Amino acid sequence: MELSRFVTIGQYIPTESPVHRLDPRTKIAAVTLLMVAIFVVRDFAGYALLTAFLLGVIVLSRVPVGHVLRGLRPIGFLLALTLILNVFFSGIQDGEVLFRLGPLVATREAVVRAVFIGYRLIALVVATSLLTFTTSPVELTDGLERLMRPFRRIGVPAHELAMMMTIALRFIPTLLEETEKIIKAQMARGAEFERGNVLRRARALVPVLVPLFVSAFRRADELALAMEARCYRGGEKRTRMKELRFAVRDAVGLALTVAASITFAIPFSLWQKLFAI
Amino acid sequence: MALRGVDLTISRGEFVAIVGGNGSGKSTLAKHFNALLLPTEGEVIVDGLNTRDHAATWEIRQRVGMVFQNPDNQLVATVVEEDVAFGPENLGLPPAEIIRRVDEALAAVDMLEYRRREPHLLSGGQKQRVAVAGILAMRPQCLVLDEATTMLDPQGQREVLGTIARLNEQGVTVIHITQDMDEAALFRRVIALADGRVALDGSPQDVFRSGDELERIRLALPPVPVLAERLRRDGLPLASSIFTVQQLEDALTQLARKRPQASERVDGAH
Amino acid sequence: MALIECENLSHVYLKGSPMETVALTGVTLSIDTGEFVGILGPTGSGKSTLIQHFNALLRPTSGVVRVAGVATNDPKADLRAIRRRVGLVFQYPEHQLFEETVYEDVAFGPRNLGLDEEGVRERVDDALRSVGIDGSKFGQRSPFSLSGGEMRRVAIAGVLAMSPQVLVLDEPAAGLDPQGKVEILNRIRDLHTSRHLTVILITHSMDDAAQLTRRLIVLNKGRLAMDGSVREVFARAEELRGMGLGVPAITELVQRLRRRGLSVRADALTQDEAQRTIKEALAWN
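Residue numbers (this note's numbering), protein chains in the order written: chain H, 1 to 277; chain Y, 1001 to 1270; chain L, 2001 to 2285.
What the hints contain is simulated information worked out from the structure, not anything from laboratory work.
These figures come from a predicted structure and were not determined experimentally.
We put the beta carbon where it would ideally sit given N, CA and C, even for glycine.
Keep in mind that a hint or two might mislead.
Claimed, not checked - Incomplete in silico selection of chain L near chain H, CB under 10 Å: (1) Q2052; (2) Q2091; (3) G2114; (4) K2181; (5) L2185.
Unchecked claim - Facing chain Y, according to a computed beta carbon distance under 10 Å, are these residues of chain H, among others: (6) V156; (7) E180; (8) I183; (9) R219; (10) Y232; (11) M241.
Throw the hints in and build the complete structure from the sequences for me.
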């Protein structure tokens, strides 16, 4: 009752915005492209443009900036670790020393690189978050299915995979609720889950996992029967209520993303050379 | 052996309850109605189609829809309207038609305002109504509910029963499998199964006539007919068809008026 | 001696978050040893939340809950001891079975209490006997090979094996067929009379409440709406109906007969009482 109220499936924020209205395939492709570009960016100018682009998308998507930043909290530790490792252990020994921490040396080059690497991490998380904030799980699954469809010829079960994803998403809150109930029932019989070493705690999970699995298999059986009763027979000849359709805005969005990616991937010095001629 | 020689005919438009205790075979029987199970012996003919005919299976399942006992384990999508669309999508209908049917079906079960809700946030009764909508969207001729109210609280039960009564008025044949005698009493025909056979078949009055018979087949008479039977054995002239509170109330009040010795208030009659 | 006391108990789920829900407000009640109490209430009235306070699975957001004098939110409270004293059987308890054999599953509780194998065996045998399961026949079988009704009884035995003083059950007859319902409710009645267990029962069936319990607590929208003897509570039929509840069929009948002018006792709860009072009112002998 408590846990599952928390969980809405995915991080989707149902608002209306130009970004929300884009075809999910466009967004998936755009994010993939951006991820590549993020890794290629080398100079300040590039990072500045990248930041501008991401901010622009955030504004366009009407997702509150605060929300996006809060999404960075889970990687806070990873970020700190990355920075520390790259500042002190990157192997760059020469150059202007900015400060020392005991035996550890921090050069300007190392710090700059560390900041860039850290920033790339942030940009990655922001870009993928924007995808999940503006695309509902249903749309994501549909988008992935459509993208995988041409690969059916080589044996990729696109429809089945999409169906599995949908059902998994649908049952996450339900299974969470059930887990809570089972935990409480076993606690009522004196079970304790917080005590003891790792081994003991792992064993303590058996009274929770076994009933959960038993019930999950029973659910699967019943669900399969219900699906058959509703004439489900796989993806053949199946239609969809909402067909994905490419619109002008998708072409525009994709084009803009491609242009932007190329722009910040190419180092400023190269641009200078290109236009100085 | 779950079923032993069941002979049964259910006609279009009927409003039937099938009752039975655990192991009576009622759930097995229900699954024969839409070819989820095939007979070991004998035949099941649905609207002229034989369930053994594999080519007819999907046609049969479109005509006879089924709602199951566990409200959670039949909802497949992450959003209500997507789940209701599941059936029509399986039938390969064009998108515009699917949208129309989803709207109709949700309206018919009074769940339109929940169309974009996630299923796990719904109550049991609401989930079952969504399941019914999912079947309605396939435009079936018959709706079979396999103990669909067993796991619901009284409010949920009322919601579902109200919905299927309304659907029956609109022409949908309804077959309701249940263990609850009070529910069965609401239907026009009650079929009682025991040990894989049909033990009783008739109107609720007929079926609820004998408390001993029902107990033998692991069912129970609701309290009112039991009381009427006890009073009858004490000599009170009560009709054997009494089984609702209203009926017993009326019968006893009439009796009281005929008894001058009965201590009545002056303004007795209602 | 009050076994379970609630003083101004309030419980809020996810306090401070956007999904904050108030489940209970200001509930004050006390239950003594040996009582047989029914808890009624429409869905969402807080019944499930309330019973989880009785064995300290939940702690009050405000107010106090005391079990045998010990406050559940006292940091020094021995929760294990509380859960030993108050046994809680959730709805569809058979969904928590997990062991390879019936014996092992029922032994889970006593083992958690730290009893030695001799003591565990005693408890398991006793618990299985009290729910009518033959330990010699079923002990070594997998709990998943049993029928639904049998599985439920094994699950209840699992809680009884803790040797609790209080047995709290959330709709123990849910999903059973009419005979199964009768059997399990009779067993619960036996446990109350023969083992002197205090029993607290959540039920949706007014008829069951009338037949088994002696006192009713009615919750509505998280508040205590009624608390009194079965007769007192069912006399307030209009109020109960307003909450979406009802009264037992027998009681409804005699209440209606009274309104039609017959001088029957409007508080008849059982078949016997109804039979007697109707015959008297009709002067039928």
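Status of each hint after checking the structure:
1. For L/Q2052, the interface hint holds, since its Cβ comes within 10 Å of a Cβ in chain H; the closest pair sits about 7 Å apart.
2. Look at L/Q2091: its Cβ gets to within about 9 Å of chain H, closer than 10 Å, so that hint holds up.
3. Satisfaction of the interface hint for L/G2114 is found here, the shortest Cβ-Cβ separation to chain H being roughly 9 Å, below the 10 Å cut-off.
4. About 21 Å separates the beta-carbon of L/K2181 from the nearest beta-carbon of chain H, more than 10 Å, and the hint is not met.
5. Evaluation of the L/L2185 hint against chain H yields a violated restraint, the C-beta minimum of about 21 Å exceeding 10 Å.
6. Against a cut-off of 10 Å between C-beta atoms, the interface hint on H/V156 is violated, since the closest Cβ of chain Y lies about 21 Å away.
7. Residue-level restraint check for H/E180 is violated (minimum Cβ-Cβ distance to chain Y is 13 Å; threshold 10 Å).
8. Checking H/I183 against chain Y by beta carbon gives a least distance of about 18 Å; that is not within 10 Å, so the hint is violated.
9. Taking 10 Å as the C-beta contact cut-off toward chain Y, the hint placing H/R219 at the interface holds, the least distance being around 5 Å.
10. The interface hint given for H/Y232 is met, as the beta carbon of that residue sits about 5 Å from the closest beta carbon of chain Y, less than 10 Å.
11. A cut of 10 Å between beta carbons decides the hint on H/M241: the least distance to chain Y is about 4 Å, and the hint holds.
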